[in-house]
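S.K.: So the sequence lines, in the order shown, correspond to chains A and B.
Using our numbering, you'd call the opening residue of the first sequence number 1 and step up by one each time.
Using our numbering, you'd call the opening residue of the second sequence number 1 and step up by one each time.
There may be inaccurate statements among the hints.
No copy is singled out in the list; a pair is fine if it fits within one copy or between any two copies.
Heads up, simulated PhoX-like pairs for lysine-lysine below, C-alpha to C-alpha not over 25 angstroms straight-line [said to hold, decoys possible]:
#1 K255 with K267
#2 K231 with K123
#3 K235 with K123
#4 K381 with K6
#5 K330 with K228
#6 K95 with K77
#7 K37 with K381
Just so you know, the hints here were simulated from the structure itself, not pulled from any lab data.
There are 2 protein chains.
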Amino acid sequence: MRTIKKRLLTPGPTMVPERVLEALSRPVLYHRSPEFKEIFLDTRERLKKLFRTDGEVLILTSSGTGAMEAAVVNLFKPGDSAVVVVGGKFGERWKELCEVYGVRPVVIEVEWGRSVNPEDIEKAIKENPEVKGVLVQICETSTGTIHDVKGIGEVLKNYPDVLLIADGITAYGVYDIPTDEWGIDVAITGSQKALMTPPGLAVISLNERALKRLEEVETRSYYFDLKKELKNQKKGQTAYTTGTSLVVALNEALKMIEEEGLANVAKRHELLAKATRAGVEAIGLKLFSERPANGVTAIYAPEGINGQDVVKIAREEFGVTIAGGQAHLKGKIFRLSHMGYVDIFDVLTALEVTEFALYKLGYRKFSLGDSLRAAMEVIEKC
Amino acid sequence: MRTIKKRLLTPGPTMVPERVLEALSRPVLYHRSPEFKEIFLDTRERLKKLFRTDGEVLILTSSGTGAMEAAVVNLFKPGDSAVVVVGGKFGERWKELCEVYGVRPVVIEVEWGRSVNPEDIEKAIKENPEVKGVLVQICETSTGTIHDVKGIGEVLKNYPDVLLIADGITAYGVYDIPTDEWGIDVAITGSQKALMTPPGLAVISLNERALKRLEEVETRSYYFDLKKELKNQKKGQTAYTTGTSLVVALNEALKMIEEEGLANVAKRHELLAKATRAGVEAIGLKLFSERPANGVTAIYAPEGINGQDVVKIAREEFGVTIAGGQAHLKGKIFRLSHMGYVDIFDVLTALEVTEFALYKLGYRKFSLGDSLRAAMEVIEKC
């Protein structure tokens, strides 16, 4: 009775703007047609602008994990070593990918919710001079934590043979990231996060150094063969059938980001994150991350409350899909996303459903509306 | 920066569910095709259920005003008299329609925001025994006020020659109205209100008494010829080209109402209205109506604040379209709608934008979030 709408506030897939849905519903294009080729090349150019890179940007028809796999399999030889920052579920994914492809991971374990210290990266490289790359998340989505990739880039300026490979799946389109300037050699993102497009496409950028490495390494994947993709994509083609409708949709989403302006998009996400943090802290909740990201806020469930129950009530009784914790954080945290096609009224909705769910679960150490007040004060002042 | 979405919270047109938009975007049907005929007949049946009438229900391709005109021009002869309740902009519309078609309006002026007393209707009929009908709004949208149409129906039981003609444009789908039981002979609604469909279709119901009157009166309109429509629509046809895609969309919207259950739909609207009223009162605002409707809440702008400025800031700075006052109420009131495809998070958004706009305009006799707290307390208890 209280709600009749479905609202999607997870850190991916995220809500897709009507304008992008319209683009998605246009007649399907043949992936070898001149019409699609033009859109594909235009989309690559727009992605280069988004990444702020003069390097190459390739579009893969896969989830973001596919692009992570492509990075590992195309840029490292079996027996190579790579520093892997593991501070959450997605750091673990880098490690697992290394193991599958015979890359030795030099793991820097970071307590989940904490941010890696760039000095620890340097230390690991010094101890393992054979290291060929650093694999890290810009935002570790599972904990809502930012890693200091800019700082890591600074460190790596002294190690020209070590590629900085950054998973920016929940960072590009949330932040305005100068990929080249920060010294990120390879950056990755996915369509279904801040790029406001349904899942199905991944993006990987490669700068000069990464392209050189690509030439040196024999690819061990058929589908994720970046050399083959590069050759094709320069001409507006793809090696295999790409998700044509998703590309058309992504093109529209990128236009929206350009129209709003990437700096404004980043400022909006910053405001949404600040309002969310102020809101949850006002009702006595604690942020999980020591360096919280602007795309998703991870929050400790209060003492005695299972975070999964917050998620369940939000979804089942209020039609709002938020995210729980992953792995050992399951039940301990829940996550409110404010990434992509999200504005102030959406984050206020996320706080409202959080309050209702906590009340329902018996956590009543606040008055209804307290988180709203705090968040609205942040918004009002901006 | 704060908002990137457009939100429509006016008393019509209202937000249209994704499911209805999908139906609207299906391939256009030919209005004489068997396929459309079936949908048209089905839609008429669903409307009969919505109206809870055993009478006939006709679909007109026009705004609601078209159906009001159809009622006047088809059910009254020139020189006939009709009692007209004028308590707002839409009461005035009845009066104007009477004047255009040579029907003498016996006007009951009701102060805007007040509800007509059924006894005054009886008094008017006694004083004007030649009266052939009573024209009234169930909800006077311009003031957000409910008229006691049930009470008027009681009165009219003693006057079998007086038709009760009720404009239910912002009432059907907000309330569960037993049209026959209340003695409403002719009821009218439009697609773009609680029926969650874009503008373009009107609906008019006629019971036995109304159908008898229809036979007795020579229609003076070509487009709004209800006799011709009735003959056609019984067979699933329309006299002229109807809005086929809108009918398909309306059919889907009616299915949604049936799935939720009309009683639940009415309860939801009641909750949304209660929460809105509690919210605005908590920040020191006064309701305009003495008998506020469940579909739209009219609110006095605070002393020294122009209601139009609230509307302007909401739209221009926050992307939320709310409604101002009409005619002499322009600037004095503003209206928050909670009609149709609306749930608790939408009414909370309406309160949020109200608070932000008032703060911006210098009315700060409340703390941010006060209206939210009050509304959330209402919601939480339900």
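S.K.: Can you name, in rising order, the numbers of the hints this structure does not satisfy?
M.R.: The structure conflicts with hints 2, 3, 5 and 7, although it agrees with all the remaining ones.
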